[in-house]
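Participant: One letter stands for each residue in the lines below.
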Amino acid sequence: MRPTTPVRLIALTALAATSVVACGSGSGDDDPDTVKVAYQRSTDNKVRIMDTYLAMIKRRFEQENPGKKLRLLPVQASLEDYYAKIQQMMRSAKTAPDVVREDTFLINSDITSGYLRPLDDKLADWKDWDRFVPAAKASARGVDGKTYGVPDGTDTRALWFNKEIFAKAGLPTDWRPRTWNDVLDAARAVKRAVPGVVPLNVYTGKGAGEAATMQGFEMLLYGTGPDPLYVPASRKWVAGSKGFRDSLEFVRTVYAEKLGPEPSDALDPNISTHVATDWLPAGKLAIDLDGNWLGKYWIDSGAKPWPRWTAVMGRTAFPTQDGRDPGRVSLSGGWTWSIGAKSAKADLAWRAIAFLQTPDNATEWTVRDGQIAVRDDVAASARYRSSMPGIGFFTDLVKDSHWRPALPVYPRVSNAIQEAMESVTTGDADATKAARGYDERLRSIVGGAGVTTR
Amino acid sequence: MTSPTRRVARWLPLAPATTLLILFLAGPVAYCVWLAFTDTQLTGQATASFVGLANFRRAFGDPDFLNAVVLTLVFTVVSSLLGQNSLGFALAALMRHASKAVRTATGTVVVAAWVVPEIVAGFLLYTFFNRRGTLNAVLELLHLPQQNWLFTLPILAVSFANVWRGTAFSMLVYSAALAEIPQDVTEAAEVDGARGLRRLWHITLPLLRRSIGTNLMLNTLQTLSVFGLIWAMTRGGPGNRSQTLPVFMYDQAFLKSLIGYGTAVALLLLVVGALFATVYVRLLREDV
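Quick mapping for you: the protein sequence lines, in order, are chains A and B.
Residues in the first sequence are numbered consecutively from 1, following our numbering.
Residues in the second sequence are numbered consecutively from 1, following our numbering.
Among these hints, one or two may not hold up.
As the list claims (entries may be wrong) - Here are the computed lysine-lysine pairs in the DSSO-like style, where the Cα-Cα straight-line distance is at most 30 Å: (1) 433(A) - 137(A); (2) 100(B) - 433(A); (3) 191(A) - 85(A); (4) 236(A) - 100(B); (5) 284(A) - 168(A); (6) 85(A) - 100(B); (7) 242(A) - 256(B); (8) 296(A) - 242(A).
These are computed hints drawn from the structure, not numbers from a lab.
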């Protein structure tokens with residue numbers, strides 16, 4: 001009888017194991033009337049814009065759809081950690097949210113992983129879809145041509161500058177830099193005339209994450225010539241370009257000449273919060289290359305109410321390298337509402353997304369979060385046009401704005417850019433060496449055949 | 001000869017424990033080993049495939065990985081061997097001769113640092129070493145030059161942090177071990193004229209050999225896997241100047257989305273731990 005013993009043991013173990021697993025699945029939350037909505041909650045406890053907006057949406061949605069429920073799943077984390085967290089959630093049917101807020105920066109990568117559900121069948125019957133500007137629609141489109149998300153706004157980028165500091169430094173308060181050198185010269189003038197103030201902030205390094213790539217590096221790179229990062233026609237990434245080296249050289253100059261923040265502050269993961277809620281309102285920073293949304297921190301309901309900001313802060317477009325056409329650069333991104341591929345409640349999830357994008361709710365969100373409108377009805381509404389000083393300036397930038405290559409490997413390329421930036425910020429490498437490091441990383445990410453050398 | 005039925009009956013009380021171990025320990029470990037041989041990514045990939053040893057080959061050709069190995073060794077030697085271990089021993093030895101009040105006060109402070117959760121300790125030490133932090137405020141008060149170690153010497157800052165946090169453990173182990181040294185041996189040594197350092201070297205240390213071995217082993221394995229402390233303080237930066245293996249692994253697996261490569265690095269970290277363990281086990285054996 002001996003040989004049977006191990007078999008019995010295994011059988012018994014298997015039996016015990018299945019009973020344990022059965023307990024697990026029974027306790028899952030599978031209420032067919034509840035939609036789980038995952039979104040990022042700011043690590044700054046004073047910033048609750050999305051939370052209060054979604055709480056309002058939840059109340060209205062449950063009022064108008066009796067018996068249905070929205071369950072909000074805030075993920076309180078930095079941006080990078082939020083991405084990793086929702087990806088892990090979406091890997092398993094048990095934890096996958098029904099509705100998830102996706103950064104267009106990442107969406108193609110998540111589409112390739114099969115985390116998201118195409119929405120074409122829903123969009124076909126949705127008349128509001130015609131209201132969206134084409135570039136925004138394209139931002140949530142996969143390589144397969146299907147659309148995987150409904151954008152809820154976009155953003156543009158430019159220079160913010162403190163007019164009071166400018167006056168002290170003898171610089172014009174209607175500043176219009178034409179070239180990169182104009183920007184650096186203004187920063188140098190501030191450094192000379194106003195000690196104790198950081199002249200110019202350009203986000204850099206892995207701590208700032210995608211903000212470094214987009215607000216920092218790409219604002220420079222896209223002013224050096226056409227298709228500086230990726231050539232859509234030949235589907236190749238660009239390596240070894242002069243524009244890339246020049247952009248790194250600009251970053252290096254900012255930190256080597258001590259025109260920027262202390263490198264240890266610049267590489268702090270919380271720098272963007274420091275800039276918006278401390279340095280700018282406290283008058284510790286003269287020029288900031290940043291997004292249109294800063295005003296939302298300073299309004300009365302913001303994280304750092306600052307009534308005088310409309311008088312103190314000026315805005316001007318970021319110039320191209322040497323003033324070439326169109327003379328200004330902006331980058332645009334944005335977020336979308338998507339449905340998890342593993343969601344069993346796609347119909348109800350879509351109802352929630354459509355509810356988030358009724359003209360009223362869309363306007364409400366755009367205004368509350370200081371977004372740039374992606375719908376023509378929102379853009380035309382009086383409430384939007386008067387919502388925030390400078391909204392006209394930033395909305396106008398959309399015309400010349402660039403969108404990042406919407407490709408699955410983009411997040412990894414972006415990470416390689418951040419590492420190159422970080423090495424010139426710390427002084428570990430000069431621009432040439434850092435650019436060479438990027439070229440090597442690029443080849444290992446997309447393969448030699450996906451790279452073209454300039 | 002026991003009958004099969006009895007064997008099963010005997011094993012029955014252990015069934016829940018065995019099941020749980022298989023489910024929650026063996027299962028994830030096996031899955032982890034499997035992942036290390038695939039090119040699984042967290043995002044940006046439709047299907048993963050088996051790639052054999054490619055992840056391991058890649059690690060050995062990756063300068064960032066080698067940098068992480070070196071930093072891990074520095075971190076372990078400085079903070080565990082030199083720091084926690086020696087400081088813990090010194091504290092334990094000094095406290096034997098101290099008054100009860102001093103002993104209680106020191107013990108409480110040291111153990112308190114150990115009891116604080118890792119992430120809290122990490123944040124405390126981040127604010128301590130920060131350019132605008134406590135340490136610089138104190139230095140300024142004393143008119144001493146300022147430091148910015150989180151940026152200039154991050155590996156040293158996190159090593160100090162780990163010493164601060166982990167010394168209590170060594171101190172407790174050595175306190176117990178020192179108390180176990182028979183009084184007559186010490187007295188005999190004293191009669192023979194062995195005092196101070198000589199007695200420490202020829203009597204105390206040899207008698208403590210086993211405790212030293214055990215303590216080093218536990219300390220080292222704990223230090224090798226420190227993640228939260230470093231993550232909270234520097235995130236492995238600036239650049240990769242404080243990126244030890246656990247931080248490198250997290251960066252690859254979750255920030256660069258290369259789960260397969262990250263798990264391979266995790267297995268290599270296991271190898272580093274095993275190497276240290278082998279050395280210590282030998283140390284213990286020679287004693288016998």
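Participant: Evaluate each hint against the coordinates.
Facilitator: Hint-by-hint comparison with the structure:
no., hint, result
1, 433(A) - 137(A), "38 Å, violated"
2, 100(B) - 433(A), "60 Å, violated"
3, 191(A) - 85(A), "41 Å, violated"
4, 236(A) - 100(B), "73 Å, violated"
5, 284(A) - 168(A), "13 Å, holds"
6, 85(A) - 100(B), "50 Å, violated"
7, 242(A) - 256(B), "26 Å, holds"
8, 296(A) - 242(A), "37 Å, violated"
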